[in-house]
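Assemble the whole structure, with the sequences as input and the hints as a guide.
The lines below spell out each chain.
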Amino acid sequence: MAAQAGGRARLARALVAALAAVGLPGRLAAQSDPIARAADFERRGNHAGAAEQYRLALADRPADVTALLGLERTLGQLGKAGELVGPARAALRADAKSAVVAGIALRAYAAADFIDSLRPITERWAALDPADEDPWRELGLLLAQKRDRAGARAAFLLARPRTGKPDALAPELAQLAGADGDWAGAAAEWARAVRRVSGYRTAAVTQLAGAPEAQRAAVLATFRAATEAPVRRVAADPLIRWGDPVAGAALIRSGLPDDGRAAGDVLRATLETLRGIAGRDARRAQGLLLEALASRSLEPAATRASLDAAQAYAEAGALEDARRLLQRLASAGGGPPGTAVAAARTLITVLADEGKVDEAEQLLERGRETLDTDERLALRRRLALGWVRQGRFDRAEAVIAADSSVEAAALRGRFQLLRGDLKGAVAWFQGAGPYAGTREESQARFALVALIQPIEADSLPALGAALLRLERGDTTGAATDLEALAGTLPPEKGGSELMLHAGRLSAARGDRVVAERRLRAAAAGNAPTTAPAAELELGRLLIALGRGPEAVPVLEHLIVTYAGSALVPQARRLLDEARGAVPPKT
Amino acid sequence: MRRREFLAAGAAALATPARARATARRAAPWLLLPMDEQQADHLKAYGLTYRALERGQRCEWFLNYRAGAFLVPNDAATARDAALNGVTALGLEAGELTELRAEMATGNMEPVPLEKPPKVAVYAPPNAAPWDDAVTMVLNYAGIGFAKVWDPEVLGPKGLTEYDWLHLHHEDFTGQYSKFYLNYAGAPWLAEMVRRNQQVARELGQPNVPALKKAVAREIRGFVERGGFLFAMCTATETLDIALAAEEVDVAAAYADGSPMDPDATRRVDWARALAFQDARLETSPTTAVFSDIDGHQVNSGDRRQPLGSYTLFNFSAKIDPVATMLVQCHRQVLPDFYGLTTSFMRRALKPGVTVLADEPGAPWVKYIHGERGQGTWTFFGGHDPEDPQHQIGDAPTDLSLHPHSPGYRLILNNVLFPAAKKKELKT
Numbered sequence: 001m002a003a004q005a006g007g008r009a010r011l012a013r014a015l016v017a018a019l020a021a022v023g024l025p026g027r028l029a030a031q032s033d034p035i036a037r038a039a040d041f042e043r044r045g046n047h048a049g050a051a052e053q054y055r056l057a058l059a060d061r062p063a064d065v066t067a068l069l070g071l072e073r074t075l076g077q078l079g080k081a082g083e084l085v086g087p088a089r090a091a092l093r094a095d096a097k098s099a100v101v102a103g104i105a106l107r108a109y110a111a112a113d114f115i116d117s118l119r120p121i122t123e124r125w126a127a128l129d130p131a132d133e134d135p136w137r138e139l140g141l142l143l144a145q146k147r148d149r150a151g152a153r154a155a156f157l158l159a160r161p162r163t164g165k166p167d168a169l170a171p172e173l174a175q176l177a178g179a180d181g182d183w184a185g186a187a188a189e190w191a192r193a194v195r196r197v198s199g200y201r202t203a204a205v206t207q208l209a210g211a212p213e214a215q216r217a218a219v220l221a222t223f224r225a226a227t228e229a230p231v232r233r234v235a236a237d238p239l240i241r242w243g244d245p246v247a248g249a250a251l252i253r254s255g256l257p258d259d260g261r262a263a264g265d266v267l268r269a270t271l272e273t274l275r276g277i278a279g280r281d282a283r284r285a286q287g288l289l290l291e292a293l294a295s296r297s298l299e300p301a302a303t304r305a306s307l308d309a310a311q312a313y314a315e316a317g318a319l320e321d322a323r324r325l326l327q328r329l330a331s332a333g334g335g336p337p338g339t340a341v342a343a344a345r346t347l348i349t350v351l352a353d354e355g356k357v358d359e360a361e362q363l364l365e366r367g368r369e370t371l372d373t374d375e376r377l378a379l380r381r382r383l384a385l386g387w388v389r390q391g392r393f394d395r396a397e398a399v400i401a402a403d404s405s406v407e408a409a410a411l412r413g414r415f416q417l418l419r420g421d422l423k424g425a426v427a428w429f430q431g432a433g434p435y436a437g438t439r440e441e442s443q444a445r446f447a448l449v450a451l452i453q454p455i456e457a458d459s460l461p462a463l464g465a466a467l468l469r470l471e472r473g474d475t476t477g478a479a480t481d482l483e484a485l486a487g488t489l490p491p492e493k494g495g496s497e498l499m500l501h502a503g504r505l506s507a508a509r510g511d512r513v514v515a516e517r518r519l520r521a522a523a524a525g526n527a528p529t530t531a532p533a534a535e536l537e538l539g540r541l542l543i544a545l546g547r548g549p550e551a552v553p554v555l556e557h558l559i560v561t562y563a564g565s566a567l568v569p570q571a572r573r574l575l576d577e578a579r580g581a582v583p584p585k586t
Numbered sequence: 001m002r003r004r005e006f007l008a009a010g011a012a013a014l015a016t017p018a019r020a021r022a023t024a025r026r027a028a029p030w031l032l033l034p035m036d037e038q039q040a041d042h043l044k045a046y047g048l049t050y051r052a053l054e055r056g057q058r059c060e061w062f063l064n065y066r067a068g069a070f071l072v073p074n075d076a077a078t079a080r081d082a083a084l085n086g087v088t089a090l091g092l093e094a095g096e097l098t099e100l101r102a103e104m105a106t107g108n109m110e111p112v113p114l115e116k117p118p119k120v121a122v123y124a125p126p127n128a129a130p131w132d133d134a135v136t137m138v139l140n141y142a143g144i145g146f147a148k149v150w151d152p153e154v155l156g157p158k159g160l161t162e163y164d165w166l167h168l169h170h171e172d173f174t175g176q177y178s179k180f181y182l183n184y185a186g187a188p189w190l191a192e193m194v195r196r197n198q199q200v201a202r203e204l205g206q207p208n209v210p211a212l213k214k215a216v217a218r219e220i221r222g223f224v225e226r227g228g229f230l231f232a233m234c235t236a237t238e239t240l241d242i243a244l245a246a247e248e249v250d251v252a253a254a255y256a257d258g259s260p261m262d263p264d265a266t267r268r269v270d271w272a273r274a275l276a277f278q279d280a281r282l283e284t285s286p287t288t289a290v291f292s293d294i295d296g297h298q299v300n301s302g303d304r305r306q307p308l309g310s311y312t313l314f315n316f317s318a319k320i321d322p323v324a325t326m327l328v329q330c331h332r333q334v335l336p337d338f339y340g341l342t343t344s345f346m347r348r349a350l351k352p353g354v355t356v357l358a359d360e361p362g363a364p365w366v367k368y369i370h371g372e373r374g375q376g377t378w379t380f381f382g383g384h385d386p387e388d389p390q391h392q393i394g395d396a397p398t399d400l401s402l403h404p405h406s407p408g409y410r411l412i413l414n415n416v417l418f419p420a421a422k423k424k425e426l427k428t
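Protein sequence lines, in the order shown, are assigned to chains A and B.
The numbers in the numbering used here rise by one with no breaks, and the one at position 449 of the first sequence is 449.
The numbers in the numbering used here rise by one with no breaks, and the one at position 157 of the second sequence is 157.
Read the hints as simulated data drawn from the structure, not as lab findings.
Just so you know, even glycine gets a beta-carbon here, dropped at the ideal spot from N, CA and C.
Among these hints, one or two may not hold up.
[Stated by the list, open to error] Cβ-to-Cβ under 10 angstroms is the rule here; a few derived chain B residues that face chain A:
#1 80
#2 119
#3 143
#4 188
#5 194
#6 253
Right under this line is the structure:
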């Protein structure tokens with residue numbers, strides 16, 4: 001009977017071949033081939049029909065891989081994956097040497113929940129090529145899908161002695177360990193994986209990024225202890241993301257590949273990670289990596305990287321490092337055109353900010369021929385500010401004496417204010433108008449005008465002294481002085497405004513306890529222009545401190561008492577946040 | 001008063017726009033919360049009205065007048081509430097109110113008294129984030145208090161007897177974890193969902209999670225039959241009805257209850273036990289996150305997935321059919337559609353007697369439906385989040401302070417206030 005059926009099938013195949021040979025349309029030929037018909041059914045979404053055709057094909061050729069995979073696919077769609085067991089058993093009998101058939105059989109037995117059969121099939125598959133990790137990977141993954149994590153782990157681990165590879169299936173074990181919350185274990189497996197194939201670095205970094213704070217030290221220690229530089233470097237990315245970018249950058253620099261191109265790739269990849277991270281530490285880390293990149297690059301890329309590194313150092317407040325690079329660039333020849341000028345320009349601002357104004361002035365004088373007028377004037381204004389920080393108002397005035405721009409007028413207003421001459425300051429600020437300098441400078445100027453407007457006195461040297469301390473970077477001292485001064489003025493005549501400013505400075509420094517006290521004091525003055533702003537700042541501070549319920553009455557008071565204030569819409573938004581009526585800001 | 005002062009005061013009064021004058025009047029006995037384009041925060045206006053009811057005030061809902069305006073007494077607490085929440089509230093004198101009532105009497109408008117704030121419960125797992133469900137989000141934003149209940153409370157000795165209004169979080173009442181079990185295998189949130197559900201099933205003496213959910217579904221149906229107001233969105237709509245219809249049929253995949261779905265389930269389910277749907281074909285694949293062909297959009301079904309269009313709210317007679325009119329009060333007639341695991345309901349799957357509140361003209365599906373069962377009512381609204389049309393798992397939550405005029409969210413809040421309306425005899 002079976003022979004007869006086989007004979008008929010062979011006859012049918014021969015017929016199809018003959019029809020195709022005489023040029024009948026391919027469609028007709030396809031209609032006679034069960035696999036082609038099955039594919040057609042599948043395309044049309046008729047999975048039951050497709051499964052029937054695949055079974056038909058398998059009746060004739062039990063180990064036909066196309067038909068087996070097709071049947072597996074369609075039975076899966078029908079929710080009957082377990083029915084593949086019969087055909088899979090027949091396929092194994094027909095072709096015991098096919099790894100593909102063994103894989104399909106393993107999945108079929110798993111779908112049918114014949115868990116006891118999985119191990120023997122895997123052993124049989126593994127015997128085909130003892131060095132092959134695939135059988136153990138497949139077994140482990142199937143057990144993991146069955147939520148048998150212990151079984152999955154055992155299967156993955158068994159691959160090591162069986163294949164003779166001590167690092168076999170390390171990525172799979174790492175993912176399993178991470179999912180189980182064993183982050184140190186995950187790190188150890190990723191270290192093995194990266195040691196074997198460095199391309200696993202990205203996957204390792206992505207998974208380990210989810211490690212909870214308590215386990216991060218163990219994760220980092222695993223990689224730092226490694227002797228191979230590529231493995232050690234895996235720790236850099238988590239370090240950067242977990243708040244220590246400088247250490248991450250240092251780790252990268254300490255273990256760069258000898259090959260310049262490969263080192264450049266590593267540096268650029270880490271710079272990319274740093275791109276979205278704000279803060280001075282991140283900028284310093286950028287400086288470190290850019291400097292390393294510059295030393296491994298050819299011109300003009302090397303000079304560009306050095307300039308960028310200097311800029312990053314300057315923004316990070318690492319002025320010494322910035323100056324070191326810029327001096328080298330300004331004095332070196334051979335770079336792209338304009339490099340020396342750009343370096344000198346940046347160096348002048350760095351020196352001025354660093355307090356070495358004399359040196360900066362000399363540098364400006366030497367390079368005056370290379371700078372256009374606007375650039376020269378802008379740098380002079382920067383120098384003037386440097387002099388003022390040192391209390392040398394005479395030198396500052398002299399440096400900008402020839403400058404009649406609105407920016408210079410705004411600067412003179414600032415100088416007057418720092419001297420305590422409020423009337424003179426307002427006059428200069430008015431003369432400068434609203435458009436002098438950048439938008440940020442303009443906003444800062446108006447904030448100063450708002451600060452001094454309610455004060456009746458034309459001159460208040462103590463205020464100038466406090467603001468000069470602020471200009472010199474002594475925020476805490478300036479805020480203390482402002483608070484003391486606020487106590488000497490009536491609330492509505494500048495007392496509350498100065499207290500509010502002191503509170504804002506403390507909040508910006510993160511000194512939240514003092515900030516809260518000062519903001520409450522500013523609000524308590526009931527000065528109609530200041531109190532709503534103080535209450536808004538206080539509400540914001542309390543929410544940031546996780547004390548939303550305490551912020552609610554503060555903000556409600558603002559909205560109800562100062563209903564006409566322009567700050568009411570902002571207060572309503574904060575009130576929603578404090579009440580938990582909108583999602584918290586992340 | 002000196003002549004100059006008098007003239008100055010008179011000129012100032014003339015220069016002030018009439019609307020501003022109305023707003024400024026403190027002595028007006030009523031506040032009108034317009035719900036048309038003039039309203040600064042439509043969603044919070046519902047909350048304000050709800051809180052006025054909580055304080056024992058009697059309010060009114062002016063159906064079809066200024067897009068469903070509210071009338072609230074002008075006491076200090078309400079005025080303060082309006083100021084704090086930025087709700088536009090216009091002072092209204094007794095004479096003006098009389099004129100307004102006369103105007104309403106002549107058109108398709110109707111004042112509906114609101115008497116008692118409904119006690120609101122949201123059915124959600126205890127670990128559900130407040131930003132995971134549109135109803136919870138809008139209740140939080142509007143400032144309407146609610147209790148959270150889940151399986152232990154629903155099946156507990158008190159059941160749902162303490163509540164007037166129940167919202168179903170986007171729960172899968174077939175007990176198949178929204179059929180994410182295979183596609184999201186290994187995801188911590190899914191593992192937690194499975195663990196929690198299985199634990200509760202054990203604690204409540206249920207053999208498995210699908211059996212637990214069926215018991216909960218029956219209790220919810222009982223809540224409606226005893227006079228409760230049920231509001232469901234997204235997949236809770238479709239799966240609740242499937243769970244009810246499949247009381248004696250296994251419709252859950254093997255991963256949920258240890259046995260595969262009954263291959264003959266579609267034929268064997270009894271739709272008479274369900275609230276809204278009938279004659280649907282159940283999805284048999286455990287890997288496809290689709291439950292049946294009730295949903296018109298089939299968002300997770302590859303080639304069957306339909307694109308989003310827009311849906312139109314129906315007009316009802318406010319005087320004859322106030323319930324349906326309340327549910328469609330909105331300042332927009334046509335609204336953009338939004339996906340959910342269940343986005344819409346095929347018209348052919350609706351039971352006779354179901355009221356369609358909104359549909360997509362020309363499409364075979366409807367969006368928003370309402371019906372009665374026993375002494376209570378149910379309302380089903382397809383989709384997950386009206387302001388996040390393509391919602392995906394893990395998306396950032398919607399910040400409703402950026403959508404204070406959301407017409408879709410208004411429909412949800414219509415449902416919250418509608419049980420507050422005083423029942424009166426229908427005119428037909």
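Checklist entry - Any CB of chain A closer than 10 angstroms to the CB of residue 143 (chain B)? => result Residue 143 (chain B) check passes; min Cβ-Cβ to chain A is 7 angstroms, inside 10 angstroms.
Checklist entry - Should the interface hint for residue 194 (chain B) be scored as holding, given a Cβ-Cβ cut-off of 10 angstroms against chain A? => result For residue 194 (chain B), the interface hint holds, since the closest Cβ of chain A sits about 9 angstroms away, which is under 10 angstroms.
Next on the checklist: residue 80 (chain B) was flagged as interface toward chain A. Is the shortest Cβ-Cβ separation under 10 angstroms?
Outcome noted: At 6 angstroms from the nearest chain A Cβ, residue 80 (chain B) passes the 10 angstroms test, so the hint holds.
Checklist entry - Should the hint that residue 188 (chain B) touches chain A count as held when the rule is a Cβ pair under 10 angstroms? => result Since the shortest Cβ distance to chain A is 8 angstroms, the answer is holds.
Item to check | Status of the hint placing residue 119 (chain B) at chain A (closest C-beta pair under 10 angstroms) | outcome: violated, 20 angstroms
Next on the checklist: Holds or violated: the hint that residue 253 (chain B) contacts chain A, with Cβ atoms closer than 10 angstroms.
Outcome noted: Holds, about 7 angstroms.
Against the hints set out earlier in the document, a violation occurs for number 2 only.
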